[in-house]
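> Residues 1 to 1002 (the working numbering) are what the sequence shown spells out, left to right.
A couple of the hints might just be wrong.
[Unchecked claim] Below, computed lysine to aspartate or glutamate pairings styled on EDC-like, alpha-carbon distance capped at 20 Å:
#1 242 <-> 225
#2 242 <-> 222
#3 216 <-> 234
#4 789 <-> 819
#5 435 <-> 553
Calculated directly from the structure, the hints in this document are not laboratory data.
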Amino acid sequence: MLRRFFIVMALIGCNALPARGGGPAFVAGSGFDPAIKGQPLNWARGSVQYYTDQGDLSPILSGGQADVLVADVMTHWTGVPGVAVTATQAGHLAEDVSGANVIGFPDGTYSIPDDIQPSAVTTPVGIVYDFDGQVTNALLGEGAGGIENCFTNAAYGGPDNFSFDGHLAHALVVINGVCIADTSAVPDIRYRLTRTLGRVLGLGWSQANPNVITRKPPPVPDDFEGFPLMHYLDPVGCVPIKVCYPDAEVPKMDDRTALVRLYPGASTARIHGNVFFSDNSGNPLQAMQGVNVVARRMESGQPSRLSVATSVSGFAFSGNAGNAVNGFLNSKGLPFDFFGSDDQTVEGAFDLAGLEIPPGSGSVKYQVNVEGLEPNWAQGVGPYAPAQVASSGSFAPVIVTVQPGLDVAQDIVMSGTAVAHPDPANGSTYENPVKLPQGGGWGAWISGYGVADWLQFTAQANRTASVTATAVDESGRPTQTKLMPVIGMWQLSDQSGSPAPAATTAPFNTLVPGMTRLDAQFSATDTFRVGVADYRGDGRPDYFYFGSILYSDSVTPPRISLQGGPVTLRGLGFHPGLQVNVDAASSTVLTISANDLQATLPIGVQDGTTTVVVNDPVSGGSSQMIGAVTYGAAATDLLVLLQGSEPSTAVGAEAANPIRVRVVSADGTTAVNGATVAWSTTNGATLSVCGGTSSCSVLSDQAGVATTQVTPTATGASTITVSLAPASYTPPQSKQATVVGTESALDVAAVAPTKWVGQGSTIDVPLTVRVLIMGEPQNNVKINFRVSKGVGGLTSGTATTSNTGFASTTVHLVNHSADVQVTACVAPNNAPCQTFTLFAAPSSRLALENVSGAVQVIPVGQALQPLVLRVTDGASPSNPVMGVNLVFDVTLARIPRDNGRHGGGDDGGGGGNGMPVILGTYQMQAATADGGLASIVPTVQDVQGYCDVLIAATGGPVSAQFHLQVVQPVGGGAQQGSERAREQRVERGNGSRAYRPPLVEK
1 MLRRFFIVMA LIGCNALPAR GGGPAFVAGS GFDPAIKGQP LNWARGSVQY
51 YTDQGDLSPI LSGGQADVLV ADVMTHWTGV PGVAVTATQA GHLAEDVSGA
101 NVIGFPDGTY SIPDDIQPSA VTTPVGIVYD FDGQVTNALL GEGAGGIENC
151 FTNAAYGGPD NFSFDGHLAH ALVVINGVCI ADTSAVPDIR YRLTRTLGRV
201 LGLGWSQANP NVITRKPPPV PDDFEGFPLM HYLDPVGCVP IKVCYPDAEV
251 PKMDDRTALV RLYPGASTAR IHGNVFFSDN SGNPLQAMQG VNVVARRMES
301 GQPSRLSVAT SVSGFAFSGN AGNAVNGFLN SKGLPFDFFG SDDQTVEGAF
351 DLAGLEIPPG SGSVKYQVNV EGLEPNWAQG VGPYAPAQVA SSGSFAPVIV
401 TVQPGLDVAQ DIVMSGTAVA HPDPANGSTY ENPVKLPQGG GWGAWISGYG
451 VADWLQFTAQ ANRTASVTAT AVDESGRPTQ TKLMPVIGMW QLSDQSGSPA
501 PAATTAPFNT LVPGMTRLDA QFSATDTFRV GVADYRGDGR PDYFYFGSIL
551 YSDSVTPPRI SLQGGPVTLR GLGFHPGLQV NVDAASSTVL TISANDLQAT
601 LPIGVQDGTT TVVVNDPVSG GSSQMIGAVT YGAAATDLLV LLQGSEPSTA
651 VGAEAANPIR VRVVSADGTT AVNGATVAWS TTNGATLSVC GGTSSCSVLS
701 DQAGVATTQV TPTATGASTI TVSLAPASYT PPQSKQATVV GTESALDVAA
751 VAPTKWVGQG STIDVPLTVR VLIMGEPQNN VKINFRVSKG VGGLTSGTAT
801 TSNTGFASTT VHLVNHSADV QVTACVAPNN APCQTFTLFA APSSRLALEN
851 VSGAVQVIPV GQALQPLVLR VTDGASPSNP VMGVNLVFDV TLARIPRDNG
901 RHGGGDDGGG GGNGMPVILG TYQMQAATAD GGLASIVPTV QDVQGYCDVL
951 IAATGGPVSA QFHLQVVQPV GGGAQQGSER AREQRVERGN GSRAYRPPLV
1001 EK
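All chains should be modelled from the sequences, with the hints used to inform the complete structure.
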């Protein structure tokens, strides 16, 4: 009968199952009777019964010949002196196992005969002869059974079922007959079958004399004779196997002692103990697992390369118990500690039982030493498999004398190991996480088995963050052979203890050495818990990491002009090298401290909200503020028509009044800077703001104002339509005004016939008219000007029109205190006429409006832009006032910046406190002209470096203050910023120097 079930990992070489180096492959954990937790798994009573396939193995090996080969290879293990294990061929399987009854399915399941299934404990070891490779194709994937894969798939398998009382219950072995095409291939099959049968017996992988593979130092003959058969991996060039190892299929002393420990017979010599970290005084601290303890027999006063046995510390311990971030169950729902003890008394334990004593020797000496496991060639060795952990500290070899039956306790206390110290996450728990350091960065140890770090911080909705943890070694350099950090995030209110809803599923998920990164998005404003743990649930004094949270919380101001402009971002984890983007456009980063970043945002694409993204090109992390900035007009903004009435106007002449609108926010008063204002006309009327065309879009100024003169080009009514951000909103806010064009035999039109002049001002005011006949400008027409009301002096009482029909004069006002009118008439009949009115605007009602340049943040060496102000008469709607003298008192100062105490920042960073240093003062003056505008171009004079430009503008009773910044540029771009960050160093608690990412608080 065929049954369909999921692939058993043992069939793929057992690499995914625990491997206990220099000893047992399997140790009882939570999946077994608690009474035998920590005991190696072996065959009950040392008795192994195996059943072989009914079919032939290959064209050169019949079924019977294959049975002989299996029996002979099995004696390599059963014949080891002092081993209490037997292996018996108890019969044959019920069928010829082949591609006809082993079928693989695309979903990763397969069907196999009943008597080779994991549950077939009455045929405890099934050995399949895969004549044509089809069984291998079904089990391992199409093509796996081909001759090109014989290096890995010639013989494979291992245990796939275990009893609750701690024994191996079933195993399956497959021998691929395709790999035995002729007799020359038999030695390689025997070698690989011997290794597979070692796994069937319960042996784990080991490491001794790794220089046989690494060639460092070059191996000598004894290195080969001591090189264990149960090493983890062969170099791909070892075909045939004899080119790499003599006596390849023969178990060496390390293999023999490991088997003796699994199936002890006669009393043997034993050295056992624990490996420990040490404190600064050399006293033992936490146990250290994953260290290869090596015993070499002393021969002629030298440690032997041939007689060598190993045991990895913590071989009985659970090397991967899961973690609080990802949970404690694997993908099949089984606990990670199904194998391996959770008893911390065996965390650093090693066992060198079975040490061989030459016949006739009453006692012998063994040198006991330690060595690191090769990360490439010993991945499957020991409790940390498949990711080895570099040991910490060093150990001076000791000589131990042993004799048969003697059990010697010998602890190993490593000297000069890493020592954990207090750090910002000390004492944190899942229930009570500590507050995140102010700068968003920290350094901490994951020390103590099962320990994790827990921190909390608050985030807004519609934000994202990147959390990074970079593991470093004792020298402070990034590493992937120590801590394997994983990161999770929960809402603080989540007290379930369940795996994190946002988490990294594996460590080192970036291209940055040693770095793990979690990207999270916040859908609600809340306080969040961040957990950092070792992927295996491990914790040791040499597990140090640097953590950082890159998070942008707010932006000031939240609204900017569509032209872009300077903003300050507030958040966590800012550091040199960051980039700020809006849509696809890059911003100019000006200053950075741990919590503040100043940047000039680029020109916007269109009005409305947009997302600001802070990118870290080194880590690949980012933080988004979704919809945090509004460019130009918002959906709720209002368009107010300030002035829109016009008298009838001669065709070809400017209408008497400008069309003026103001953009304000929903409160009806707050001006909106840089919003798109779209102008259009009918009947061919032209607009000055559009350069004499009939339609265009412009931006409102800092007072929210947009204005234009209109000129009719045809008789009749022309409609002027003003719309607010029509590309962004449908329908847009809009206003309309109308001007009626007229024609006559002679028209004279005043250009801007109404003006407002500051009371008490002395000023020359230009006056201009235009003469037209039927809309056509007239040349050489004499105009008579006279003051018809009030006091004023004309520079000339007559003027003659130019080719464009314009004629001008100037009225000189002295201490202007009352309204003045000037008439302009066509000579000689003084008809028709137009009147100019110059109102005296009371100083008590004047008001100042910002037009442009009121907010500036520029890098050192760049020129400041003009500061432009507008003076109005304070009426509603207001009118621009000419002739007001403004005084600008400029102070150049240096306000102390944040000194980096909470993560730092360079000397030109934003924010600051303390008394300013005055670098210089000067004064500038300007008088308002047409449109009520006055401007200055401030400078920093001869000041070097960053400074603050403080400007106080006064004009009679009105005043305003401005704070412009010249900042020290971050410079260097992302790469230089990264390199600077890598050069920063910090004192570790034990006095060593260590690599430190930027802006980290310890």
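> Indicate, hint by hint, whether the structure satisfies it.
Status of each hint after checking the structure:
no.	hint	in the structure
1	242 <-> 225	13 Å, holds
2	242 <-> 222	16 Å, holds
3	216 <-> 234	16 Å, holds
4	789 <-> 819	8 Å, holds
5	435 <-> 553	17 Å, holds
Checked against the numbered hints given earlier, this structure breaks none of them.
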